[in-house]
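Enquirer: Using the sequences plus the hints, can you model the full thing?
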Amino acid sequence: MSASEAATADEAAERRPTTSETLRRIVQGDLSSVRVVLGLVLIAVIFQIQEDRFLSAQNLTNLMLQITTIGLISVGIVYVLLLGEIDLSVGAVSGLSAAVMAVLSVKHGWNAYLAIAAAVAVGAAIGCLQGSLFSRFVVPSFVVTLAGLLAWEGALLQVLGQTGSLNITDPKITGLANIFYSDTVGWIFAAVIIAAYGAALALGYRRRVAAGFDNTSPLPQIVRFVFVAAIVLVAVAILNSDRGVPLAVMILLAFVVGMEYVAKQTSFGRHVFAVGGNAEAARRAGIRVNRVRVAVFTIAGTMAAIGGVMAASRLFAVNQNSGGNELLLLAIAGPVIAGTSLFGGRGSVWTALLGALVIGSISNGMDLLSLSSAVKLMVTGGVLLLAVLVDAVARQQRQTSGRV
Amino acid sequence: MATGTPLLELEGVSKRFGPVQALDRVDFAVSAGEVVGLVGDNGAGKSTLVKAIAGINPPDAGMIRFEGEEVRISKPQDATALGIATVYQDLALCDNLDVVANLFLGREQISPGPGRASRQLDEVKMEHETADLLSNLAVTIPSLRSEVGTLSGGQRQQVAVARSLLGDPKVVLLDEPTAALGVPQTKQVLELIRRLRERKLGVVVISHNLADVFAIADRVFVLRLGQAAGEFQAEEATEEHVIAAITGIGEGRDKNHENQQSEEGEKA
Chain U
1 MSASEAATAD EAAERRPTTS ETLRRIVQGD LSSVRVVLGL VLIAVIFQIQ
51 EDRFLSAQNL TNLMLQITTI GLISVGIVYV LLLGEIDLSV GAVSGLSAAV
101 MAVLSVKHGW NAYLAIAAAV AVGAAIGCLQ GSLFSRFVVP SFVVTLAGLL
151 AWEGALLQVL GQTGSLNITD PKITGLANIF YSDTVGWIFA AVIIAAYGAA
201 LALGYRRRVA AGFDNTSPLP QIVRFVFVAA IVLVAVAILN SDRGVPLAVM
251 ILLAFVVGME YVAKQTSFGR HVFAVGGNAE AARRAGIRVN RVRVAVFTIA
301 GTMAAIGGVM AASRLFAVNQ NSGGNELLLL AIAGPVIAGT SLFGGRGSVW
351 TALLGALVIG SISNGMDLLS LSSAVKLMVT GGVLLLAVLV DAVARQQRQT
401 SGRV
Chain H
1 MATGTPLLEL EGVSKRFGPV QALDRVDFAV SAGEVVGLVG DNGAGKSTLV
51 KAIAGINPPD AGMIRFEGEE VRISKPQDAT ALGIATVYQD LALCDNLDVV
101 ANLFLGREQI SPGPGRASRQ LDEVKMEHET ADLLSNLAVT IPSLRSEVGT
151 LSGGQRQQVA VARSLLGDPK VVLLDEPTAA LGVPQTKQVL ELIRRLRERK
201 LGVVVISHNL ADVFAIADRV FVLRLGQAAG EFQAEEATEE HVIAAITGIG
251 EGRDKNHENQ QSEEGEKA
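Protein sequence lines, in the order shown, are assigned to chains U and H. The opening position of the first sequence corresponds to residue 1 in the numbering used here, with each subsequent residue numbered one higher. The opening position of the second sequence corresponds to residue 1 in the numbering used here, with each subsequent residue numbered one higher.
No lab work stands behind these hints, which were simulated from the structure alone. Hints are not guaranteed to be accurate.
Cross-link-like lysine-lysine pairs, in silico, DSBU-like; alpha carbons within 30 Å at most [said to hold, decoys possible]:
# : chain 1 : residue 1 : chain 2 : residue 2
1 : U       : Lys107    : U       : Lys172
2 : U       : Lys264    : H       : Lys75
3 : H       : Lys200    : H       : Lys125
4 : H       : Lys75     : H       : Lys200
5 : H       : Lys200    : H       : Lys170
6 : H       : Lys125    : U       : Lys264
Here are a few chain U residues that face chain H, going by a calculated C-beta distance under 7 Å [to be verified]:
#  : residue
7  : Arg206
8  : Arg207
9  : Pro220
10 : Arg224
11 : Met250
12 : Gln265
13 : Ser267
14 : Ala279
15 : Ala281
16 : Gly286
17 : Asn290
18 : Arg291
19 : Gly345
20 : Arg395
21 : Gln396
All values derive from a computational prediction rather than experimental measurement. All C-beta atoms, glycine included, are put in the ideal place defined by N, C-alpha and C.
Expert: Take a look at the structure:
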């Protein structure tokens, strides 16, 4: 931006204080989380007007259970998107991994945890293979994983064999999606989460003060703390008034928080962002770009498998449709709707959760209204398109304002 | 000015890309506290020479000596380990990362606390060191946490140069550091290069702009069609001499200068 442009922009800001600026930031994705929260509120209002069961504790608990599979798969997708790549195989991988677990558990009588571990290992191995093919032979990830999508769907049918469906009976597996904690345990979770978050914020703040940074008012930290604490308390109160806090939600939350930490606070995460932003710059900085790529696709495969296990647990079964239908597209659309860029280098793992909430609410609401699948498919398609358009517009805006 | 044995010495370095002989038996040297301007027409082999030193495109033949010892530089990490830092023409910054993240890219500081096992970043320390380094170099950036993509061309170039200094290098290679910069920004970058010389670094500057080269270089090295085409002490030479060497017009005079140069070398 030239000096004169900067001056006019400043004047404009003086004349129209903050509102236009805030709007611009929402559109451009700086405040994409605000954009998503506004979207969620809008969705909730619309469905609540049509059907007052939508915001009931029972339905909100159902909603949380419905989004765990998509959310878990999206966690891996976020990493792939951060690289500026795409993984079209995650749906098929989730189905295949779940089938492997089901066959080992039901037909071969394996211990539940071993069967789950085997499923996760299958997902990781597939991700590693696809990542290696993509980075070693410089084939577009789109093509490698599209081939994977077909091949792993075939493998799913093969593994399931002639029955085409396997019912899971082991309570250790079905418990994953069907255990609810008592009110007391729920409040303990809330206390631990809030305390841990507060401690992390306070620690970070103390380090910055100790290092002598002058721009350190504790106010933003306090606001963030109050905000997060309020959300946690409200969520636990709602879940407790129905069946309690579900184990599945805690699993999803743990993965989101853990993988967000890896993305934002570790050198590996920094390298993922760097490769997604400018792969050549990353290479010249001494980052082993191909190793990062393989690791990211391995993460995507692993998270897909974990999502598949969760889906099987919720359904009490694995069948030929497992991991099929629109699961793949929704898992990719979620993070994009919530502000992770399809073009790489921008986003956060939180968008996996937020995006799953948006998509989950829409599909849950339409189910409550008993809309036909014709309408549901068209609305879902429209939401996906909208997400990509918002991302593309945000990118263009960034470019015109000098932020590439 | 140059003292003692050169820090970095290339002898008979050649590089071929298919039918193109990009470098043909080039001898080149840079000493501590010396700024060498590397000039030549498009396709003369300037960037190829820098990439050979930086380990991006290792040479096919020839010898590289660093601090008097023969070394092999077959990948960028080799060059970095020796203490050779490169600032590329296309900057090689990640626009989506902030100034601190870009400065420490590939050599992130790891937190000493409980996050060590996960290689947790020590953001506070990195931000601190970034602030120190930039103020040492008199580089002013509005906010260290602003994304590099939002900075001006001059600021980006200064970030790129500053980044090359983080690993405490002995030699810094700059590929067209002033290309696409306005006059005041060019001045800032040239000033920054002078401070590198004051820090007793060996500096190699590729540039098309002879005015810039004469403003900062102690010595000017000319490449033409992949071959060494002349070497001048900046104080003694004129732009006309250098242009003649670049274009190859007046071969005879060119040779004289080379002879002159080697005589001077013997004196030293």
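Enquirer: The structure should be examined with respect to each hint, and the outcome stated for every one.
Expert: Right, here's what the structure says about each hint:
Between Lys107 (chain U) and Lys172 (chain U) the CA atoms are separated by roughly 16 Å; this keeps the pair inside 30 Å, and the hint holds. Of the pairs offered as hints, the one joining Lys264 (chain U) and Lys75 (chain H) holds, with about 28 Å between alpha carbons and a cut-off of 30 Å not exceeded. Distance hint between Lys200 (chain H) and Lys125 (chain H) is fulfilled; the C-alpha atoms sit about 26 Å from each other, no more than 30 Å. About 25 Å separates the Cα atoms of Lys75 (chain H) and Lys200 (chain H), which keeps this hinted pair within 30 Å; it holds.
Simply put, Lys200 (chain H) and Lys170 (chain H) have alpha-carbon atoms about 8 Å apart, close enough for the 30 Å limit, and the pair holds. At roughly 16 Å between alpha-carbon atoms, Lys125 (chain H) and Lys264 (chain U) fall within 30 Å of each other, so this suggested pair holds. A cut of 7 Å between beta carbons decides the hint on Arg206 (chain U): the least distance to chain H is about 10 Å, and the hint is violated. Taking 7 Å as the C-beta cut-off, the interface hint given for Arg207 (chain U) holds, the closest approach to chain H being about 5 Å.
Contact between Pro220 (chain U) and chain H, as hinted, is not supported at the beta carbon level, the nearest pair being about 13 Å apart and thus beyond 7 Å. With a cut of 7 Å, the hint placing Arg224 (chain U) at the interface with chain H is violated, because the nearest CB-to-CB distance is about 17 Å. About 21 Å separates the beta-carbon of Met250 (chain U) from the nearest beta-carbon of chain H, more than 7 Å, and the hint is not met. At a threshold of 7 Å, the smallest CB-CB gap from Gln265 (chain U) to chain H is about 5 Å, leaving the interface hint in force.
With a least beta-carbon distance of about 4 Å to chain H, the hint placing Ser267 (chain U) at the interface is held under the 7 Å criterion. Interface restraint check: Ala279 (chain U) against chain H, minimum CB-CB distance 9 Å, threshold 7 Å, status violated. Interface hint at Ala281 (chain U): satisfied, since its Cβ lies 4 Å from the closest Cβ of chain H, which is below the 7 Å cut-off. A least Cβ separation of about 4 Å between Gly286 (chain U) and chain H falls short of the 7 Å threshold, and the interface hint therefore holds.
The restraint placing Asn290 (chain U) at the interface with chain H is violated, with a minimum CB-CB distance near 13 Å, outside the 7 Å limit. A hinted interface residue such as Arg291 (chain U) counts as satisfied when its beta carbon comes closer than 7 Å to some beta carbon of chain H; here the least separation is about 13 Å, so the hint is violated. Using the Cβ-Cβ criterion of 7 Å, the hint placing Gly345 (chain U) at the interface with chain H is satisfied: the shortest such distance is roughly 4 Å. The criterion of a C-beta within 7 Å of any C-beta in chain H is not met by Arg395 (chain U), whose closest approach is roughly 11 Å, and the hint is violated.
Checking Gln396 (chain U) against chain H: minimum C-beta separation of about 14 Å lies over 7 Å; hint violated.
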